[in-house]
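2 protein chains.
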Amino acid sequence: MRISELSVKSGVALPTVKYYLREGLLHQGVQTAATRAEYDESHLRRLRLIRALLEVGRLPVAAIKQVIEAVEDDSLPIHKMLGTAHYALGPTVEPEPGEDWRLAREEVDRLVADLGWDIHPAAPTRDELAQTLVRMRQLGLHIDLKPYVEATTKLVSEFEMGLVPFQGPRDAAVEALVLGTVLYGKVFDTLRRMAQESESARRLRPHP
Amino acid sequence: MRISELSVKSGVALPTVKYYLREGLLHQGVQTAATRAEYDESHLRRLRLIRALLEVGRLPVAAIKQVIEAVEDDSLPIHKMLGTAHYALGPTVEPEPGEDWRLAREEVDRLVADLGWDIHPAAPTRDELAQTLVRMRQLGLHIDLKPYVEATTKLVSEFEMGLVPFQGPRDAAVEALVLGTVLYGKVFDTLRRMAQESESARRLRPHP
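Chains as they are written, first to last, in UniProt numbering: chain R, 1 to 208; chain H, 1 to 208.
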């Protein structure tokens with residue numbers, strides 16, 4: 001298809017498609033004349049992925065570039081490629097000096113080891129969880145992580161990971177992972193606040 | 001205690017304490033001399049609440065004012081007071097024109113009715129969930145809400161709502177609800193991404 005058709009089918013404005021081509025986010029089409037190139041399904045799929053990362057994942061263009069590089073590097077195993085996109089979805093957390101941080105981070109590492117979870121030693125989620133634990137301690141909250149571990153393990157292993165087409169094209173797997181992580185996360189967060197309202201109403205309703 | 005001691009004990013800088021007094025977020029102390037007032041535990045508790053709403057809930061000062069007004073209005077039942085704080089924690093979602101929105105919103109209302117959840121007809125979470133459903137449909141994702149409903153119901157009713165001291169001072173109940181909603185939400189979100197990494201590694205590891 002021509003670039004104009006690619007724009008219409010993907011819902012991405014023509015100048016934006018051209019920008020992605022210049023920036024290397026979208027791979028070049030096959031040149032059929034001096035000012036004419038042909039695009040195919042792989043370009044459509046790539047534009048879907050970029051939109052997912054940009055509009056749903058709210059990733060900055062620099063981070064999207066990193067993800068696309070990982071998608072295009074066929075020597076990178078699929079797990080590493082998905083990890084690049086996955087890590088980019090979380091906030092960047094800087095370790096803090098002091099004893100509070102050291103203890104919280106130790107607790108996280110112990111939890112991961114006890115659960116037998118297969119998580120990279122340098123995964124940013126370790127610091128992210130440590131930071132939240134530090135904040136909670138500073139506010140005098142002591143959390144029991146067990147109900148949360150149980151809920152996440154069940155959801156992720158029985159349901160969420162079944163939605164990622166690990167065997168399909170690399171673009172499609174990353175897209176599914178990003179959309180799933182962000183959108184299903186929002187669904188959970190909203191349903192949780194709905195359940196809180198309902199349960200709070202129930203507990204406070206005067207007994208008949 | 002004097003205002004300087006209140007500042008030290010609460011960890012809120014003195015000019016900020018004075019600003020909260022001027023803005024009416026913090027109630028006045030008991031005047032003991034022309035330039036001197038006494039503060040007590042209720043002031044400390046209020047400052048803790050303001051910090052929780054500001055630093056953890058990331059609420060704008062205007063929203064914090066609304067929450068404080070609800071806390072101070074003793075004629076407001078505790079459920080309504082907690083609801084004011086709770087609703088302020090979510091994003092503001094504007095209903096969109098069109099059939100997609102109408103169908104998604106109908107689906108949400110039907111879900112709430114089927115579950116027998118006790119949720120206000122105008123609760124903003126209804127629109128929030130509808131918006132995410134619309135986005136998913138537009139991206140061709142069809143979500144099964146059941147595993148999410150099950151996970152949230154279990155977490156909230158068996159665990160989270162037990163942490164809110166409904167019978168204590170109104171400040172303390174709101175503080176616990178806000179901290180719990182935001183911080184436990186972060187814990188869940190991070191653990192979920194950790195479980196995803198682990199499960200993805202497990203599924204993709206070459207079989208021995």
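FYI, nobody ran anything at the bench for these hints, they're computed from the structure.
Each hint should be verified, as a subset may be incorrect.
[As the list claims (entries may be wrong)] Under the rule of at most 25 Å between Cα atoms (straight-line distance), these lysine-lysine pairs were calculated in the DSS-like manner:
no., chain 1, residue 1, chain 2, residue 2
1, H, Lys-154, R, Lys-154
2, H, Lys-9, R, Lys-186
3, H, Lys-18, R, Lys-146
[What the hints assert, rightly or not] Just the calculated beta-carbon pair ranges, DEER-fashion:
no., chain 1, residue 1, chain 2, residue 2, range
4, H, Lys-154, R, Asp-74, 38 to 46 Å
5, H, Gly-90, R, Ala-62, 42 to 50 Å
6, H, Glu-5, R, Leu-139, 35 to 43 Å
7, R, Ser-42, H, Asp-114, 51 to 59 Å
8, R, Arg-203, H, Asp-114, 44 to 52 Å
9, R, Leu-141, H, Gly-90, 15 to 23 Å
10, H, Gly-168, R, Glu-72, 40 to 48 Å
11, R, Leu-139, H, Val-30, 47 to 55 Å
[Claimed, not checked] Some chain H residues well away from chain R (every beta-carbon gap over 12 Å; in silico):
no., residue
12, Gln-28
13, Ala-123
14, Glu-150
15, Asp-189
Ideal Cβ placement from N, Cα and C applies to all residues, glycine included.
Self-check item: Structure versus earlier hints, numbers of those that do not hold, lowest first
Solution: Violated hints (numbers, rising): 2, 3, 5, 6, 7, 8, 10, 11, 13, 14 and 15; every other hint is consistent with the structure.
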